[in-house]
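There are 2 protein chains.
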Amino acid sequence: MFRAETEFVRWLKRLSRRQGAGVRLGIGDDAAVVELRHGHELILKSDLSIEGVHFLRNLHPPRAVGHRALARSLSDIAAMGGTPRYALISLAISQQTSRTWLDEFYAGVLALARRNALSVVGGDTAIVPDRISIDVVIAGEIAREKMIRRSGARPGDQLFVSGRLGISALGLHRLKLKASVRGRGKTLDAAAHAHLYPEPRLGVGRYLSENNLATALIDVSDGLSTDLGHLCDASGVGARVWAERLPIADDLTTRERRTLDPLSLALHGGEDYELLFTVPKHRVFRLPRRVHGVPLHWIGETRSARGLVLVLPGGHEMALQSRGYDHFNK
Amino acid sequence: MFRAETEFVRWLKRLSRRQGAGVRLGIGDDAAVVELRHGHELILKSDLSIEGVHFLRNLHPPRAVGHRALARSLSDIAAMGGTPRYALISLAISQQTSRTWLDEFYAGVLALARRNALSVVGGDTAIVPDRISIDVVIAGEIAREKMIRRSGARPGDQLFVSGRLGISALGLHRLKLKASVRGRGKTLDAAAHAHLYPEPRLGVGRYLSENNLATALIDVSDGLSTDLGHLCDASGVGARVWAERLPIADDLTTRERRTLDPLSLALHGGEDYELLFTVPKHRVFRLPRRVHGVPLHWIGETRSARGLVLVLPGGHEMALQSRGYDHFNK
Numbered sequence: 001m002f003r004a005e006t007e008f009v010r011w012l013k014r015l016s017r018r019q020g021a022g023v024r025l026g027i028g029d030d031a032a033v034v035e036l037r038h039g040h041e042l043i044l045k046s047d048l049s050i051e052g053v054h055f056l057r058n059l060h061p062p063r064a065v066g067h068r069a070l071a072r073s074l075s076d077i078a079a080m081g082g083t084p085r086y087a088l089i090s091l092a093i094s095q096q097t098s099r100t101w102l103d104e105f106y107a108g109v110l111a112l113a114r115r116n117a118l119s120v121v122g123g124d125t126a127i128v129p130d131r132i133s134i135d136v137v138i139a140g141e142i143a144r145e146k147m148i149r150r151s152g153a154r155p156g157d158q159l160f161v162s163g164r165l166g167i168s169a170l171g172l173h174r175l176k177l178k179a180s181v182r183g184r185g186k187t188l189d190a191a192a193h194a195h196l197y198p199e200p201r202l203g204v205g206r207y208l209s210e211n212n213l214a215t216a217l218i219d220v221s222d223g224l225s226t227d228l229g230h231l232c233d234a235s236g237v238g239a240r241v242w243a244e245r246l247p248i249a250d251d252l253t254t255r256e257r258r259t260l261d262p263l264s265l266a267l268h269g270g271e272d273y274e275l276l277f278t279v280p281k282h283r284v285f286r287l288p289r290r291v292h293g294v295p296l297h298w299i300g301e302t303r304s305a306r307g308l309v310l311v312l313p314g315g316h317e318m319a320l321q322s323r324g325y326d327h328f329n330k
Numbered sequence: 001m002f003r004a005e006t007e008f009v010r011w012l013k014r015l016s017r018r019q020g021a022g023v024r025l026g027i028g029d030d031a032a033v034v035e036l037r038h039g040h041e042l043i044l045k046s047d048l049s050i051e052g053v054h055f056l057r058n059l060h061p062p063r064a065v066g067h068r069a070l071a072r073s074l075s076d077i078a079a080m081g082g083t084p085r086y087a088l089i090s091l092a093i094s095q096q097t098s099r100t101w102l103d104e105f106y107a108g109v110l111a112l113a114r115r116n117a118l119s120v121v122g123g124d125t126a127i128v129p130d131r132i133s134i135d136v137v138i139a140g141e142i143a144r145e146k147m148i149r150r151s152g153a154r155p156g157d158q159l160f161v162s163g164r165l166g167i168s169a170l171g172l173h174r175l176k177l178k179a180s181v182r183g184r185g186k187t188l189d190a191a192a193h194a195h196l197y198p199e200p201r202l203g204v205g206r207y208l209s210e211n212n213l214a215t216a217l218i219d220v221s222d223g224l225s226t227d228l229g230h231l232c233d234a235s236g237v238g239a240r241v242w243a244e245r246l247p248i249a250d251d252l253t254t255r256e257r258r259t260l261d262p263l264s265l266a267l268h269g270g271e272d273y274e275l276l277f278t279v280p281k282h283r284v285f286r287l288p289r290r291v292h293g294v295p296l297h298w299i300g301e302t303r304s305a306r307g308l309v310l311v312l313p314g315g316h317e318m319a320l321q322s323r324g325y326d327h328f329n330k
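Chains as they are written, first to last, in our numbering: chain A, 1 to 330; chain B, 1 to 330.
No wet-lab data here; the hints were simulated from the structure.
All of these numbers come straight from a predicted model, not from anything done at the bench.
Among the clues, some could well be false.
Which copy is meant is left open, because identical chains are indistinguishable; a pair holds if it fits in one copy or across any two.
Unchecked claim - Dumping the calculated DSBU-like pairs for lysine-lysine here, alpha-carbon to alpha-carbon at most 35 angstroms:
| id | residue 1 | residue 2 |
| --- | --- | --- |
| 1 | Lys-146 | Lys-281 |
| 2 | Lys-13 | Lys-281 |
| 3 | Lys-146 | Lys-13 |
| 4 | Lys-146 | Lys-178 |
| 5 | Lys-176 | Lys-281 |
Could you build all of it, start to finish, from the sequences and the hints given here?
The following block contains the structure:
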């Protein structure tokens, strides 16, 4: 570990010295000073990642902890249609946290940051006796009048989701199983990789915003049933979702199918960080099937009757309850 | 406590609904969207406040915890010469945290925010099994080319400090004594009040920036000896400080003087949140004795020889070691 805070700050400063454009003053002064492009508004988001709550020491390697902590906040910027520019990392670690852990953690943060032209410009550090906790703050920007709220959906708008749903939850299941069976090989399958290194859909969000395609937009971080509920509540609408059209995880083993249901994973599994959005009927023809290689799937539509309805194969309808993640009820 | 996260977010939204200018989208969407004034740069700072590290449950009432958590970050904005505009509060609490604690915590945050025309626009929340931890993020602004770094001091610049030094440490001492002697009355003396409700020197910082008075500026959060060391290291200079000129706490009781030394408190006591700055000799005549009622004190000067020197009454000089707060060595 570091002998003094100044040594840690010097290390951080070196790590993040290859900064992007717009950084007037980075790590090492009282605060960071940065520039926004003219005609842009500032997007601000902070997200906590706490050991034992958002990640587990034995399941999540430090590189993934860093990646995921940043991805959570980036996904919120994507959900506004914005572009991330600057990040602050507040980090409470214990004296037992190793240099290797810190190296790997920042490697995870910085690799994702660089791929998205994001500069880490500051943060804070503290030593605590127990769990590691991280707060990632993103300052992003969006052209004036271009932000997409979650509250703009109108009855009859068509519902779309990017990527696949339930993969992260499946990956977590597989990681837990692997951890309980020691030495079972170190290769990560696609689902485990999706859980550890989710890719925030910044390109998709920006595409929707720049082309005025979406009336409402939210990221699926707490599970589709929960986040669709948030979008509908904010917009004052309800929604019908077709189970058959959900892009579910379809590569479960026979053994996994005994305990896991792909549809439930897709509806209630969290941390997919896909984008869920509504498009007015008359603009649907303008929506491509893929944006930057990410597939977009039609899954249903909003309607004036409140509440969420799941349409099952065969046409039977059932009420869809929000059963995703709530930090106050675990 | 709250039954669900949505209930908590609704409560927060209500609490912070009287928002200042520039807030395009506050609490309740994926992220906040705000505006900066044209021709201004963005200042970003985050500061952790952790139970058992930065505050103690039995010494710091929740209103003071909120006030102090925000004051720490505001002081960093003052130390750039900037104006705070928006805040995010990330808060990890336990199921045992009471509604009253939360009410009082936010009352402390919001009272200080309102006095400084600052809008709380978002944050994050999590439930943890143990200690409360808070990360306060401030987005401020400063006119282009007006920021004051800590690195701009030149040999021969004159050293000034605002307010008084060591008061917060004295206040903490008195609060600890009071806590150990139960039921000893509830009135707070001035030092205890200064510790619990420090006033960030935003007006002073802004005055220095707008009038191009300071070459370097830092806030005294970890103690004068430590923060003067930071300013000198960043500027590549040394400094001489006259002990007799330090604005020390002079109202210690005879009993307190047996264990406490006002000079040591002023040199090494932390959390005063005063401003320490350097003014070139030829501009000193333009510096007023007070700014917005806050006194400014000449305490010494910088010089090319590195290291800090304390000039004692009578002219004897001694090396001044940085002995203030280091989060990595408690």
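Taking 35 angstroms as the upper bound on the Cα-Cα distance, should Lys-146 and Lys-178 be classified as within, between, both, or neither? Neither: 44 angstroms inside a chain and 55 angstroms across chains, both beyond 35 angstroms.
Identical-chain pair category, Lys-146 with Lys-13, by Cα at 35 angstroms: both (34 angstroms within a copy, 23 angstroms between copies)
Checking an output row: Lys-146 and Lys-281, CA cutoff 35 angstroms. Within, between, both or neither? For Lys-146 and Lys-281, only the intra-copy Cα distance (20 angstroms) is at most 35 angstroms; the inter-copy one is 50 angstroms.
Same-copy or cross-copy closeness of Lys-13 to Lys-281 [CA-CA at most 35 angstroms]: Answer is between: at 32 angstroms across copies they meet the 35 angstroms cutoff, but 50 angstroms inside does not.
Using 35 angstroms as the alpha carbon limit, work out where Lys-176 and Lys-281 are close: within a copy, between copies, both or neither. Neither: 42 angstroms inside a copy, 66 angstroms across copies.
Taken one by one, the earlier hints fail for this structure at numbers 4, 5, listed in ascending order.
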